Each structure stands twice: as C-alpha cells, then as structure tokens.
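Chains as they are written, first to last, in the working numbering: chain A, 1 to 209; chain B, 210 to 418.
Just so you know, these hints were derived from the structure itself, not from any lab.
Please note that a few of the clues may not be correct.
[What the hints assert, rightly or not] Some residues of chain A that are not near chain B, with every Cβ distance over 10 Å (derived):
1. 65
2. 97
3. 123
4. 167
[Claimed, not checked] Heads up, simulated BS3-like pairs for lysine-lysine below, C-alpha to C-alpha not over 27 Å straight-line:
5. B:370 <-> A:145
6. A:145 <-> A:115
7. A:115 <-> A:161
8. A:161 <-> A:145
9. B:324 <-> A:115
10. B:354 <-> B:324
11. B:370 <-> B:354
12. B:354 <-> A:161
13. B:370 <-> B:324
14. A:67 <-> B:276
Quick caveat: nothing in here was measured; it's all calculated off a predicted structure.
Don't be surprised by glycine CBs; every beta carbon is placed ideally from N, CA and C.
There are 2 protein chains.
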Amino acid sequence: MSAIRPAGRPRRPRRKLQTPNPEVRERIMTAAADLILERGFPDLHIEEIVEGAGLSVGTFYLYFDSKADLFVALATDYTERLRSRMSAAYQSEGSPLQRVRRGLDVYLDFVEEYKEGFVYFLRAADGMMTSAGRLSAWTFEVHAKNLQPLLEEAIRVGEMKPLNPELTAQALVGLTQHMVTYWLDNQDRYSREELRAFLTAATAVALAP
Amino acid sequence: MSAIRPAGRPRRPRRKLQTPNPEVRERIMTAAADLILERGFPDLHIEEIVEGAGLSVGTFYLYFDSKADLFVALATDYTERLRSRMSAAYQSEGSPLQRVRRGLDVYLDFVEEYKEGFVYFLRAADGMMTSAGRLSAWTFEVHAKNLQPLLEEAIRVGEMKPLNPELTAQALVGLTQHMVTYWLDNQDRYSREELRAFLTAATAVALAP
C-alpha cells in the first residue's frame, strides 16, 4: 500500500535496492515516529528524520518514495501490531462475547501504551489517501474483519441477536474508537475503568439475544 | 470561533468593517462551499473563491482572516443548520426515545441532502484546530449536548436504562456518524433503510431499561 500524491505532483522515481536492510528501514521508522509525536507530521522534513536516524536523504529514498509513504508504513505497522494482539485475545478461551470483551481490554492497553500518539495517527490517517483507499477506512476494515467471525460465532451459539455481523463489527470498532478519542480528550473527568464499564454495559445489552 | 494557524505563520491583521454586509459574507461562503466540494479545500486559492463570488481579494479579507477561518465559518454554519433541525425533532410529540429516533431521520435526511459534501466537511474538520479546540470535537459536542437532555428525560420516565447520559449522548452521535460515513462509502451494498433499521435495532436494545 502506498500514499497517493495530490494531483500534479509527480512521483520521484525510486532506485530499487537489491537487498534492502530491514534494520535501516526500522531505524528510519523509529526516528520518524518519535519526531511525529513531538512535532506533528505536516511540518516535518525528511532531512530531520534522517538526521535523527543517522542516515542520509539518499538512503531515505532507497526505502520510501515520500514522507507520506513513510507515514502509511508507520500506520500500517501500528495497525498490524494491534490487530495481532487482538487476534490473540479473540482466539483465547471462553465464550465469543467474553473474547470480544478481552479484545476491548487489549485495545485499551494499546491505547494507554501510545496515548496521544494513538489519536495523532488516527487523525492523520483520516486525511491520507492510499492505493488501498482512505487510510482510516482501511484500518477500520482491518479491525472489523478481524472481529466479524467472532460475532458470527456469537450469533450461532445464541449469545448475540442476529444483527448483520458486518455492520455490527463496523459499529463496535467505530464506537470504541470514538469513545477512546473522547476519553483521551477528557481524562480528567473519566477513568479508563469508567470508559470500559460504559462500553461493556452499552454493548452487552445491544448484542444480547 | 476562529482557526488557529500553524506555529510561525503570523496572522495578517484584519481591517474591521464598521457595517459588514451579511449578503457579501454569504456570497463568499456559497462560492467557497461549491468550490470545496468540486476541488477539495487544500488546493483551493482565495483568488478562485472571490472570482466565483464576483468580489476582490481585498473584500475577502474584510470578512475572513484566512481560508481556514472561512472553512470554520462554513462548518459552523452546517453544524448549526443540522442542530436546529434536530432540535425541532427532539421537541416534537411522542416519548423521549421516539423523538431520538425522529432526530435520526432528520440527520439521515441532512446527509442525503449533502452526501459527499457532508463527509468531506467531517473529515476536513478533524484536522482543523480552532480557538474552541478541534473542530470535529466541537461539532460532536454540539450534537451530544443537544441530545443529552432527551436521554435524561428517557431515563427519568424509565424508557432507558440509567447509563451515564453524557457518555451515551457522545456514543450515539459518534456511532451514528461513523456508520453514516461507512454507508456513504458502501452505498452499493446498503440502502438508507438498511442503515436506519440497523442503527435503530442496535441502539433500541442498548438503551432499553
């Protein structure tokens, strides 16, 4: 997946590496992630990223086509990390809805680990077009597709009422993300435990057969 | 409410009009709204907006400090228009939850009226900082504050279980907006009626005492 450039700005042709070094790529991404959280993405220059990584601008362009491509790579990376942790929760022991709830805890752990960085990436992803469509729609889709089989199982075993599982998965992912964003903006007024209790109570009844 | 400029870009001092003409302001806003939907906001120049309105750049700066301020004015205008229509539904006849549902229909009518424009403004609002905080958080707050008294009434008359009304209002507004965005991206697969039926079924039970 790559970023799509605004019309009229031609893509700089990238020299392909025969044997890319995953450690170099990782160094660029780590330096960029730190700088993005510190200063925001729009005002960041590639020169500063490579300086932080102790590399040259030329090296940057061996690994990424553009700053936007680097952002897409970072967002993809975070999304995949979260998806794989949530998958583990979804595949643990217990009834389908117990596992859904365990997935929520994993999600909240992840949010607490990255805090403002989490929201920053969510918001920037909303404005970013990629070859796979809008970056934010893609991340919603990843998490909804991951959750959907569990909802189908919950319906099969009679633990959930037979709502459309695709729409329900989208609704749960969208609702959770919205409320997490609201919570991060209002941490002085609500604790993680209050947010969790609210989401659990609201969705428990919504899904009850 | 005004837009906040990125650090380092000074605000151009605005000459104040003794008697601003609301029709001129309206002409600028209408011309801008049409151009934004056609071409997007980031690539739009003030010169093109005033040309569309048959005015000069100087006149633009008598009414707005910047292009971002104009965007904030447009988004505020749309939000207020929707809020006032929803208020009318909330104050109509029927039980509190019947009126909440009437508000949903009004919201879906508004979305159908503006379609892609609606989503465009939502997305652009997410990245826009204003003197009243993030523009998107502000619009969520406007709609949630409008809905909250109705939820409190529903709890009082025993039509809704006693969830925190502030969080519930945020959750309903956030969920509805997320699902509307998803629906607009997937109109080939879901009709408005299917979206409405899903939202009604999912929230009816979530709110039931």
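Hints, verified against the model:
Interface exclusion of residue 65 of chain A from chain B stands, the closest Cβ pair being 20 Å apart, more than 10 Å. For residue 97 of chain A, the shortest C-beta to C-beta distance to chain B comes to about 14 Å, beyond the 10 Å cut-off, and the non-interface label holds. A Cβ of chain B approaches the Cβ of residue 123 of chain A within 10 Å, the least distance being about 6 Å, so the stated non-interface status is violated. Non-interface status of residue 167 of chain A relative to chain B is broken: a Cβ of that chain comes within 10 Å, the nearest being about 5 Å off.
The suggested pairing of residue 370 of chain B with residue 145 of chain A is violated, with an alpha-carbon distance near 31 Å, which exceeds 27 Å. The hinted pair formed by residue 145 of chain A and residue 115 of chain A meets the criterion: a straight-line CA distance of about 24 Å does not exceed 27 Å. Restraint check for residue 115 of chain A and residue 161 of chain A: the C-alpha separation of about 34 Å exceeds 27 Å, so the hint is violated. Simply put, residue 161 of chain A and residue 145 of chain A have alpha-carbon atoms about 19 Å apart, close enough for the 27 Å limit, and the pair holds.
With a C-alpha separation of about 33 Å, the suggested pair residue 324 of chain B and residue 115 of chain A falls outside the 27 Å cut-off, and the hint is violated. Between residue 354 of chain B and residue 324 of chain B the alpha-carbon distance is near 24 Å, which keeps this suggested pair within the 27 Å criterion. For the hint linking residue 370 of chain B to residue 354 of chain B, the alpha-carbon distance of about 19 Å falls within 27 Å, and the restraint holds. Straight-line distance between C-alpha atoms of residue 354 of chain B and residue 161 of chain A comes to about 31 Å, which puts the hinted pair past the 27 Å bound.
Proximity of residue 370 of chain B to residue 324 of chain B is assessed by CA-CA distance (about 34 Å); at most 27 Å being required, the pair is judged violated. For the hint pairing residue 67 of chain A with residue 276 of chain B, the CA-to-CA distance comes to about 25 Å; that is within 27 Å, so the pair holds.
Comparing the model with each earlier hint shows violations of hints 3, 4, 5, 7, 9, 12, 13; every other hint is respected.
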